[in-house]
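**Student:** Taken in order, these protein sequences are the chains called A and B. According to my numbering, the stretch in the first sequence is residues 1 to 162, in order. According to my numbering, the stretch in the second sequence is residues 1 to 156, in order.
Since the hints were made in silico from the structure, they are not lab data. Please note that a few of the clues may not be correct.
[Unchecked claim] Restricting the straight-line Cα-Cα distance to at most 20 Å, the calculated cross-link-like pairs of lysine to any residue (SDA-like) are:
1. A/K96 to A/G35
2. A/K65 to A/E121
3. A/K81 to B/Y112
4. A/K65 to A/E77
5. A/K81 to A/E46
6. A/K63 to B/L100
7. A/K74 to B/K117
8. A/K63 to B/S142
9. A/K92 to A/E121
10. A/K65 to B/V145
11. B/K93 to A/S53
12. A/K71 to B/K88
13. A/K74 to A/G91
14. A/K107 to B/K93
15. B/K85 to A/N109
16. A/K108 to B/Q91
[To be verified] Counterexamples of contact, computed for chain B against chain A with all Cβ distances above 10 Å:
17. Q36
18. Q45
19. V47
20. K50
21. R62
22. V63
23. Y76
24. R81
25. R83
26. I95
27. A96
28. P102
29. A106
30. D132
31. L152
C-beta atoms are modelled at their ideal positions from N, C-alpha and C, and glycine is treated no differently.
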Amino acid sequence: MATTTPSKDTSKEKKGKEEKAYYPATIEYASRDFGLTGAVLYAANEVLGARCSAVFDDFTLCKGKYENPEKCLKEGESVSKCAIETFQEIGKLCQKELTVYATCLDKKNMDFNNCRKEQLEFKTCSLPLYKLSSSIEVPSPEQQYKNLLQRIRSPVTAPPKD
Amino acid sequence: SLGSKSFRSSGINAEYGEPNSNSTHNNTMNNSRYLQDGPPEGGYQKVNYKKMISPNKGPSGRVLLGICVGMSVVGYFEVMRMRAKRVKDAQEKRIARMNLVPYLQAESDRRYVIELKRQKEYEAKVMAGVKDFDPNEKYYESRWVPNMQPLLSYLY
Numbered sequence: 001m002a003t004t005t006p007s008k009d010t011s012k013e014k015k016g017k018e019e020k021a022y023y024p025a026t027i028e029y030a031s032r033d034f035g036l037t038g039a040v041l042y043a044a045n046e047v048l049g050a051r052c053s054a055v056f057d058d059f060t061l062c063k064g065k066y067e068n069p070e071k072c073l074k075e076g077e078s079v080s081k082c083a084i085e086t087f088q089e090i091g092k093l094c095q096k097e098l099t100v101y102a103t104c105l106d107k108k109n110m111d112f113n114n115c116r117k118e119q120l121e122f123k124t125c126s127l128p129l130y131k132l133s134s135s136i137e138v139p140s141p142e143q144q145y146k147n148l149l150q151r152i153r154s155p156v157t158a159p160p161k162d
Numbered sequence: 001s002l003g004s005k006s007f008r009s010s011g012i013n014a015e016y017g018e019p020n021s022n023s024t025h026n027n028t029m030n031n032s033r034y035l036q037d038g039p040p041e042g043g044y045q046k047v048n049y050k051k052m053i054s055p056n057k058g059p060s061g062r063v064l065l066g067i068c069v070g071m072s073v074v075g076y077f078e079v080m081r082m083r084a085k086r087v088k089d090a091q092e093k094r095i096a097r098m099n100l101v102p103y104l105q106a107e108s109d110r111r112y113v114i115e116l117k118r119q120k121e122y123e124a125k126v127m128a129g130v131k132d133f134d135p136n137e138k139y140y141e142s143r144w145v146p147n148m149q150p151l152l153s154y155l156y
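Take the sequences, apply the hints, and build the full model.
**Tutor:** Rendered as structure tokens:
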């Protein structure tokens, strides 16, 4: 985890100018800039899946529709931003446990069975993080129901040709 | 007797035996004493040619069968338990990879698009004055197929 990145204030009640999260000029090298190696990603996979599920689903649906990667760049950008935000939130609460867990995975063959102790510590520390990130707008259940009805009642057509 | 007691431990006891008393060899063989290799005093010890396994000792056949059956039963349950554990571990890893796919795919897409754009521009520069050259020519109608493969130089 890179310690040079500034932290982000997720509180929206802040008066004055809102501080934006730090994103590099090109997010294509997010893993390199933020030190997100394979072990770190394996360690934080459940937190990512819980917090960014809406954005991830949007991206996967878009990819299922189009083969051309140029059509899903917008969703991909939001995906990377969500991931960066979650890692910044994890860094606030339990950076040490994450690094310990990631090094254990790195040394022990990326097997979850060999690092149960460190996994337990990390999970107990990261329990309050299991909710959707604040920057994602989730529609209300009524709106979701209406969207679903609209999708069901629309005619079934072939996907558009790229 | 000449030193027969000293040879008793080795098992060889040379004795001086008396000549044959039968009348068959009276005229042909010498009627003198001769050296003979014979058994020790008291005879040889008894050789145990019978089996050492005594059927009246140890557990009976039923008990042995029960032990074998018990071991196999315990083994079956252990196998089932370890199979369930293996399946659970594989599921855990599968879920971890599913959670990470969108993040990694988005990064890969960005790199791919940038590389493809760079190569398309180079191609346009090279084929500037060429007649009947369409850079956005469709190679396939029903699906998206890129005009060229990216070099993937960022991997090396």
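**Student:** Would you mind marking each hint as holding or not holding in the structure?
**Tutor:** Status of the hints after comparison with the structure:
1. A/K96 to A/G35: Within the cut-off at roughly 14 Å; holds.
2. A/K65 to A/E121: violated, 40 Å
3. A/K81 to B/Y112: Holds. A/K81 to B/Y112 sits at ~19 Å (cutoff 20 Å).
4. A/K65 to A/E77: holds, 18 Å
5. A/K81 to A/E46: holds, 17 Å
6. A/K63 to B/L100: With Cα atoms ~15 Å apart, A/K63 and B/L100 stay inside 20 Å; holds.
7. A/K74 to B/K117: With a Cα-Cα distance of about 17 Å, the restraint between A/K74 and B/K117 holds, given a limit of 20 Å.
8. A/K63 to B/S142: Since the Cα atoms of A/K63 and B/S142 sit roughly 17 Å apart, the hinted pair holds (cutoff 20 Å).
9. A/K92 to A/E121: holds, 16 Å
10. A/K65 to B/V145: holds, 15 Å
11. B/K93 to A/S53: holds, 18 Å
12. A/K71 to B/K88: violated, 36 Å
13. A/K74 to A/G91: Between A/K74 and A/G91 the Cα gap is close to 26 Å, so the pair fails against 20 Å, i.e. violated.
14. A/K107 to B/K93: holds, 17 Å
15. B/K85 to A/N109: holds, 18 Å
16. A/K108 to B/Q91: Holds, at roughly 19 Å.
17. Q36: holds, 79 Å
18. Q45: holds, 63 Å
19. V47: holds, 60 Å
20. K50: Non-interface label on B/K50 holds, nearest chain A Cβ at 56 Å vs cutoff 10 Å.
21. R62: Its Cβ never comes within 10 Å of chain A, the nearest being 41 Å, so this holds.
22. V63: holds, 39 Å
23. Y76: Holds: least Cβ distance 23 Å, greater than 10 Å.
24. R81: At roughly 14 Å from the nearest Cβ of chain A, B/R81 sits farther out than 10 Å, so the non-interface label holds.
25. R83: holds, 15 Å
26. I95: Violated, since 7 Å does not exceed 10 Å.
27. A96: violated, 4 Å
28. P102: violated, 4 Å
29. A106: violated, 3 Å
30. D132: B/D132 clear of chain A: closest Cβ-Cβ about 24 Å, beyond 10 Å.
31. L152: Since the minimum Cβ distance to chain A is about 14 Å, B/L152 lies beyond 10 Å and the statement holds.
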